[in-house]
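K.L.:
Given these sequences and hints, build the entire structure.
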Amino acid sequence: MNNSVLILTGNTPFSALEKRVFELSKRTPDIAFTLQSIQPCVTCSVNLRLVDFIAETSFKEYDLIITHAGAGTVFFLLTCNLPFIAIPNLERRDPHQLELYNWLKKNKYSQTALIEELKSDLIVKKPIQPDFQFDLPEFNLEMLVNELFN
Amino acid sequence: MAKEKLVLIVAGVGGHEAQAKILKNKLCDWSTELKAELICEASSMAANKSDHRIYSSSFLAKKLARFRVLALVPVLAANVLQICKIVFQKKMYFDVAIVSLGPFPAIPSFIASKICGIKFVSIESRSRIVSISASNKLLLMMKAQVFVQHSNNETKSKNLKHIGVLR
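Just so you know, the protein sequences line up as chains A and B, in that order. Those letters in the first sequence? Residues 1 to 150, by the numbering used here. Those letters in the second sequence? Residues 1 to 167, by the numbering used here.
By construction, these hints were calculated from the structure, which means they are not laboratory data. It is possible that part of the hints are untrue.
Said to hold, decoys possible - Once the Cα atoms are required to be at most 30 angstroms apart in a straight line, the calculated BS3-like pairs of lysine-lysine come out as: (1) 106/A / 156/B; (2) 137/B / 105/A; (3) 158/B / 106/A; (4) 161/B / 21/B; (5) 156/B / 90/B; (6) 108/A / 161/B; (7) 24/B / 60/A; (8) 21/B / 60/A; (9) 126/A / 105/A; (10) 156/B / 105/A.
What the hints assert, rightly or not - Computed, partial: chain A to chain B, Cβ under 8 angstroms: (11) 10; (12) 11; (13) 100; (14) 103; (15) 131; (16) 132; (17) 144.
For every residue, glycine included, the Cβ atom is placed at its ideal position computed from N, Cα and C.
P.N.:
Next up, the structure:
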């Protein structure tokens with residue numbers, strides 16, 4: 001069973017996930033939830049802590065990470081080989097997180113869920129540790145500078 | 001004496017701001033002769049820490065949601081003027097180029113670069129893994145330089161340059 005769960009909502013509001021986590025925290029009092037949100041729409045409780053920022057270096061201290069399907073967080077978690085559940089933020093005007101969600105699901109890089117699929121059993125169950133090393137191609141700064149000034 | 005080089009990074013909201021900050025740091029670390037400044041949306045989280053702020057199309061689209069289509073053209077024109085104003089101020093002292101990150105700033109930044117006669121590159125979002133955004137498709141039709149962070153069938157068929165992932 002997981003003892004600590006970290007929820008990352010990113011830089012844009014994701015109230016559906018926050019409300020879902022709030023409900024789940026009531027149903028699973030043995031789990032300590034930490035919710036990162038810039039504009040929380042829920043209040044803290046005995047087992048739900050609210051933070052506006054959390055350093056990436058402390059991600060590994062949690063048993064499970066539930067994150068919006070934002071590229072920055074997802075790629076960081078993949079390159080660190082940390083288990084997580086990705087949930088697309090469909091509240092955004094541009095639903096581009098669905099593309100990343102489908103890519104993760106198709107390639108089985110991580111667990112994925114839509115908001116309505118996020119239930120207590122998914123939170124309680126120990127996540128499967130990824131058994132691959134994910135590498136992202138390095139950013140070619142020289143190419144960009146040459147294009148801009150040569 | 002040759003002017004110093006300045007890259008103006010026009011960023012969208014959310015993850016694009018985070019990418020823009022990474023890119024700014026990378027460019028500033030690249031060379032002492034190279035400077036980078038951020039242009040962010042007034043509604044964005046990074047607006048207070050940004051070098052310049054503009055009232056963008058997406059900011060106004062939220063405010064004028066009911067009149068979005070009607071407002072689009074004047075808002076786009078306003079965005080172009082705001083970016084041009086910044087470029088003209090900077091052109092007096094620097095050799096300026098524009099990089100856009102995210103869908104909102106791509107079109108106005110490109111038009112502003114054409115008006116000001118400076119180089120422009122649009123970098124597709126790192127979240128676009130299997131496709132490219134509508135804004136960048138439009139830019140490609142206008143023969144703009146678009147770099148992508150991920151390689152996929154669509155980017156290969158369009159012969160787009162693959163620049164790697166900002167992190």
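K.L.:
With the threshold set at 30 angstroms, check whether the alpha-carbon distance from residue 126/A to residue 105/A stays at or below it.
P.N.:
Cα-Cα ~18 angstroms, so holds.
K.L.:
Less than 8 angstroms between beta-carbons is the criterion; does residue 144/A satisfy it with respect to chain B?
P.N.:
Hint holds; residue 144/A Cβ to chain B Cβ min 6 angstroms, cut 8 angstroms.
K.L.:
Would you check the hint for residue 108/A and residue 161/B, treating anything up to 30 angstroms between C-alpha atoms as holding?
P.N.:
OK: residue 108/A and residue 161/B at ~27 angstroms, within 30 angstroms.
K.L.:
Measure nothing beyond the straight line between the CA atoms of residue 156/B and residue 90/B; if it is 30 angstroms or shorter, mark the hint as holding.
P.N.:
36 angstroms, violated
K.L.:
Under the criterion of a CB-CB separation shorter than 8 angstroms, is residue 100/A in contact with chain B as hinted?
P.N.:
For residue 100/A, the interface hint holds, since the closest Cβ of chain B sits about 5 angstroms away, which is under 8 angstroms.
K.L.:
Holds or violated: is the Cβ of residue 103/A closer than 8 angstroms to a Cβ in chain B?
P.N.:
Holds. Min distance 5 angstroms.
K.L.:
Is residue 161/B close enough to residue 21/B, meaning Cα to Cα at most 30 angstroms?
P.N.:
Holds - the C-alpha atoms of residue 21/B and residue 161/B are around 22 angstroms apart, at most 30 angstroms.
K.L.:
Does residue 24/B pair with residue 60/A here, judged by a C-alpha cut-off of 30 angstroms?
P.N.:
Between residue 24/B and residue 60/A the Cα gap is close to 28 angstroms, so the pair holds against 30 angstroms.
K.L.:
Tell me if residue 10/A is really an interface residue toward chain B, meaning its C-beta lies closer than 8 angstroms to one of theirs.
P.N.:
Residue 10/A check passes; min Cβ-Cβ to chain B is 7 angstroms, inside 8 angstroms.
K.L.:
Under the criterion that the straight-line Cα-Cα distance not exceed 30 angstroms, is the pair residue 21/B, residue 60/A satisfied?
P.N.:
Within the cut-off at roughly 24 angstroms; holds.
K.L.:
Do the numbers back the hint for residue 131/A, that is, is its least Cβ distance to chain B under 8 angstroms?
P.N.:
Given a least distance of 21 angstroms, the restraint on residue 131/A is violated.
K.L.:
With 8 angstroms as the cut and Cβ atoms as the points, is residue 132/A at the interface with chain B?
P.N.:
17 angstroms, violated
Comparing the model with each earlier hint shows violations of hints 5, 15 and 16; every other hint is respected.
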